[in-house]
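There are 2 protein chains.
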Amino acid sequence: MRLITEIAAETGIGEEHLELYGKYKAKLAPSLWQELKDRPNGKLVLVTAVNPTPAGEGKTLTTIGLAQAMNKAGVKTVAALREPSLGPCLGMKGGATGSGKAQIVPADDINLHFTGDIHAVTSAHNLLSAMIDNHIFQGNELNLDPQRIVWKRVLDMNDRSLRNIVTGLGDGNGVVRESGFQITTASEIMAVLCLCSDLSDLKARLGRMLVGYDREGKPVTADRLNAVEAMSALLKEAVKPNLVQTLEGTPVIVHGGPFANIAHGCSSVIGTRYALKLGEVVVTEAGFGADLGAEKFMDIKCRQAGLAPSAAVLVVTVKALKYNGGIPKGELYAPNRAALLAGLANMERHIENLRKFGVPVLVALNHFEGDSEAEVQAIIDACRRLGVSAAISKAWAEGGAGGLELAEELKKLLDRESAAEFAPLYEDQLDIPSKIGKIVKEIYRGAEVAFSPAAKRSLALIERLGLGELQVCMAKTPYSFSDQPRLLGAPEGFTVQVRDITLSLGAGFAVVITGSIVTMPGLPVKPAAEELRIDEDGVLTGLA
Amino acid sequence: MRLITEIAAETGIGEEHLELYGKYKAKLAPSLWQELKDRPNGKLVLVTAVNPTPAGEGKTLTTIGLAQAMNKAGVKTVAALREPSLGPCLGMKGGATGSGKAQIVPADDINLHFTGDIHAVTSAHNLLSAMIDNHIFQGNELNLDPQRIVWKRVLDMNDRSLRNIVTGLGDGNGVVRESGFQITTASEIMAVLCLCSDLSDLKARLGRMLVGYDREGKPVTADRLNAVEAMSALLKEAVKPNLVQTLEGTPVIVHGGPFANIAHGCSSVIGTRYALKLGEVVVTEAGFGADLGAEKFMDIKCRQAGLAPSAAVLVVTVKALKYNGGIPKGELYAPNRAALLAGLANMERHIENLRKFGVPVLVALNHFEGDSEAEVQAIIDACRRLGVSAAISKAWAEGGAGGLELAEELKKLLDRESAAEFAPLYEDQLDIPSKIGKIVKEIYRGAEVAFSPAAKRSLALIERLGLGELQVCMAKTPYSFSDQPRLLGAPEGFTVQVRDITLSLGAGFAVVITGSIVTMPGLPVKPAAEELRIDEDGVLTGLA
Chain G
90 MRLITEIAAE TGIGEEHLEL YGKYKAKLAP SLWQELKDRP NGKLVLVTAV NPTPAGEGKT
150 LTTIGLAQAM NKAGVKTVAA LREPSLGPCL GMKGGATGSG KAQIVPADDI NLHFTGDIHA
210 VTSAHNLLSA MIDNHIFQGN ELNLDPQRIV WKRVLDMNDR SLRNIVTGLG DGNGVVRESG
270 FQITTASEIM AVLCLCSDLS DLKARLGRML VGYDREGKPV TADRLNAVEA MSALLKEAVK
330 PNLVQTLEGT PVIVHGGPFA NIAHGCSSVI GTRYALKLGE VVVTEAGFGA DLGAEKFMDI
390 KCRQAGLAPS AAVLVVTVKA LKYNGGIPKG ELYAPNRAAL LAGLANMERH IENLRKFGVP
450 VLVALNHFEG DSEAEVQAII DACRRLGVSA AISKAWAEGG AGGLELAEEL KKLLDRESAA
510 EFAPLYEDQL DIPSKIGKIV KEIYRGAEVA FSPAAKRSLA LIERLGLGEL QVCMAKTPYS
570 FSDQPRLLGA PEGFTVQVRD ITLSLGAGFA VVITGSIVTM PGLPVKPAAE ELRIDEDGVL
630 TGLA
Chain B
90 MRLITEIAAE TGIGEEHLEL YGKYKAKLAP SLWQELKDRP NGKLVLVTAV NPTPAGEGKT
150 LTTIGLAQAM NKAGVKTVAA LREPSLGPCL GMKGGATGSG KAQIVPADDI NLHFTGDIHA
210 VTSAHNLLSA MIDNHIFQGN ELNLDPQRIV WKRVLDMNDR SLRNIVTGLG DGNGVVRESG
270 FQITTASEIM AVLCLCSDLS DLKARLGRML VGYDREGKPV TADRLNAVEA MSALLKEAVK
330 PNLVQTLEGT PVIVHGGPFA NIAHGCSSVI GTRYALKLGE VVVTEAGFGA DLGAEKFMDI
390 KCRQAGLAPS AAVLVVTVKA LKYNGGIPKG ELYAPNRAAL LAGLANMERH IENLRKFGVP
450 VLVALNHFEG DSEAEVQAII DACRRLGVSA AISKAWAEGG AGGLELAEEL KKLLDRESAA
510 EFAPLYEDQL DIPSKIGKIV KEIYRGAEVA FSPAAKRSLA LIERLGLGEL QVCMAKTPYS
570 FSDQPRLLGA PEGFTVQVRD ITLSLGAGFA VVITGSIVTM PGLPVKPAAE ELRIDEDGVL
630 TGLA
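As given, the protein sequences belong to chains G and B, one line each in that order. For the first sequence, the working numbering gives the first residue as 90, with consecutive numbering after it. For the second sequence, the working numbering gives the first residue as 90, with consecutive numbering after it.
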């Protein structure tokens, strides 16, 4: 691992613009932006994937490997990634910093507290929660309806027992009411942090967040609780992007990490903007598969920030396609050409979808030991038939060297003149049902959208509040194009059931809830935390 | 504000031992300890106070001012302070970094997230909480009794609504049971962090913490939940002391901040040990007045860490003594010699008490504008009569220069040969009721101790568990020597009611609960958070 000051210097960042967190992590000071802001932007490349499967597709790994490979191929490339959330790291998932020879480091520090950004979001969120309950307790001047507080509490921990709780029990302990905790990455403040353009925009967005309704049914926003300045103060360091490096010394901006279902699932706009000034190419990722992650990246993040991606890389694996071809988890290791060919329909549809945004597509076949040559070749052949570039990536085993073929394909794609003519899927002025309809029909390929009575009431309220032009953030199972997790491959003709629509007014979108979305994960029988070890020198094993 | 690297260099700390957090904060790496450990220790001075009053005594301010003054007087002095807790900063209290010309800086950063230590305690604590509930949910192999889980959850926020809650509601969301949140500084992990000598000791202590009882009534400790390694990993940076500076560039180690009622209320042992190797003199403080703070400093911290204080500084103010003389809060500004003379009994008793630990005492009269000369003189005269050194401190108005007289008195005290012959108040081998009795009779001057039925049951359990030799940590109102907040001055003949005795086995003490102890504060009508402002450059006002 090299000193972060050296990595910064090579990236063109003077030491005076670094706020060091130890020797290997740094925040980028706002003074750097003053120096960078008039430079031309590099080219933005989104790494996305087919629908996720239990086998793991390696999207983060491929993003890191591709950034390493691009640098090896002579293109100054910066990666822009999300911050891992502590809860899942200690729960089901282990670390989230890549793996093999495509990792960001110091992995353990990044996986645990990193530079404290997520803790700052937790504090800001829970300050508002405490001020809401205190407001009611101290006389409730705003006439808040305790039964209609929509602002919950958050912790960065997987703790199912906190999903639904009753608070305020006992004499003098506030007002008894139902509430609950979400994981911090599900906080609207995380989405706000990731979409804001600076501290002033952060403040404005925090003020617009909906906390609940008063007894007359009128919405009450956070600015009414006098908490916005204090929340912004708690977030003043968290809005600054973090610089770390890959195992090969590639600069990586790791900043923000909102949920990919009830939020948009992309790293921060601020971090992406810095990266675009620092690299000729910026490689970034979005949550889940392209039906959710890429759609929101394009329709929410890029639209709000005025960004235009130049290419999309679609990560596929032999196992993911076989799984989408109907093979159960336990049998994915055996070659099965028929299942693979059936599963290609999933890849094909994602490619078609990505092209709808006017962005050229490159398929990255993330190679695993044990992939049969015939299966690999079948994927490459399919891409050729579809007229889409494709390359094998062996970033896990070989790091940047294993991604050189992919890097060369990406360079070709980016060099082609006017390859990308980016446009979001839907127009701002469409009403919310039409926006949902467009996503369901053009991306998911469902036949219809059905709105529950609750969703219809929410739509009527949104209309009444004059918020009909909000963007939409789809909260849907990631495992299927549809809202039914077991409908794999490339289903059609289904109806998407909209259960409810909630408002993230600070983030600027209406969250469209389909299926049951868990915003507070639980721990499994054997949590990842049990595998962690630390020796007397403070060296960890078992996490990343 | 000077660069922390400069302050470190002047203190004899090479840059290679610093882990920077921005330009003005640093953690001290364990490598420094290797270099320091064989050096002789400096002299340890405890700053404590008369019973706290609504007027504020300025203990932290005086500690900082004294450290500044000692350096001005040519004695290389390091201060060792507690970390402010975010909850109270945003609640009732505002910042906790001193004030006027005796402050530690960067005050806003120290008051908010600082270097993340308290957040790390929150994470480690709540990981154990989640693993307990998950253990029960996944089959409860340890046969834990859900009604007898003593391990709660924590947040660093003032939020009364979380004091008593019901968790686990709803299908698949765990086991329904009563629980609650404490503020993070009340976590036993904070006490453990502050008492441990290194990472190995931390781990051992975390493993001993009591989480609850099984259905056969047997205690279950944290090591049974397989969470100790992960908790230690989460705390691996938090165990490293933090270096900052005062407004005059005096080095200050700010590390740890446990509650002063259910815990011992002192900054970390590790931080104190580093400071003792770096300064000829180390000035440190303990929570609340001397009846709680100094007693626990001597009987818990010094005993466990093998430290021997060379002197105690007792902070008094004209207003605090008048308040203890029976004058209500609103009338403290008017001179009132009779009330002052009555209140001197409080000071006198604290002096007597401190001497029982074999430590010479120096009275620091923290001077406020508006103190009448006659009142000031009356205090100085009283000290003379008692044969105790005393000096006026004007650290708020004048910084170190205003504490020079106090510094000279302290130097004299420390120069006197064999001035201190420190011994804790009670012997390790006394049983718990005898230890409590000794504190109540010799420090509080109560006539008797009454144990509630619950306390008697707890005592019997402690005896049965073979834990009779634990130290005791008194949880009592700070406002009176007695357990009745309104019994000011120097009361006698009262009975202390012990409601319950709980176990902090990782910290190594039994917590003796008298009165009702609130471990989760609430927000006032107008929280301090509402006064906070942040401008577009990220500069804060209204906090410190």
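What the hints contain is simulated information worked out from the structure, not anything from laboratory work. Even for Gly, the Cβ is constructed at its ideal location relative to N, Cα and C. Mixed in with the good hints there might be a few duds.
Stated by the list, open to error - Restraint ranges, calculated between C-beta atoms of paired labels, are given here:
hint, chain 1, residue 1, chain 2, residue 2, range
1, G, Gly261, B, Pro143, 18 to 28 Å
2, B, Lys126, G, Asn229, 31 to 41 Å
3, B, Asp626, G, Ala539, 47 to 57 Å
Said to hold, decoys possible - Using 27 Å as the maximum straight-line C-alpha spacing, the simulated DSS-like pairs for lysine-lysine come out as follows:
hint, chain 1, residue 1, chain 2, residue 2
4, B, Lys366, B, Lys241
5, G, Lys366, B, Lys366
6, B, Lys501, G, Lys615
7, B, Lys112, G, Lys241
To be verified - So, partial list: chain G residues that the calculated Cβ filter (under 7 Å) puts toward chain B:
hint, residue
8, Ser289
9, Asp290
10, Glu462
Numbers of unmet hints, in rising order: 2, 4, 5, 6, 7, 9, 10
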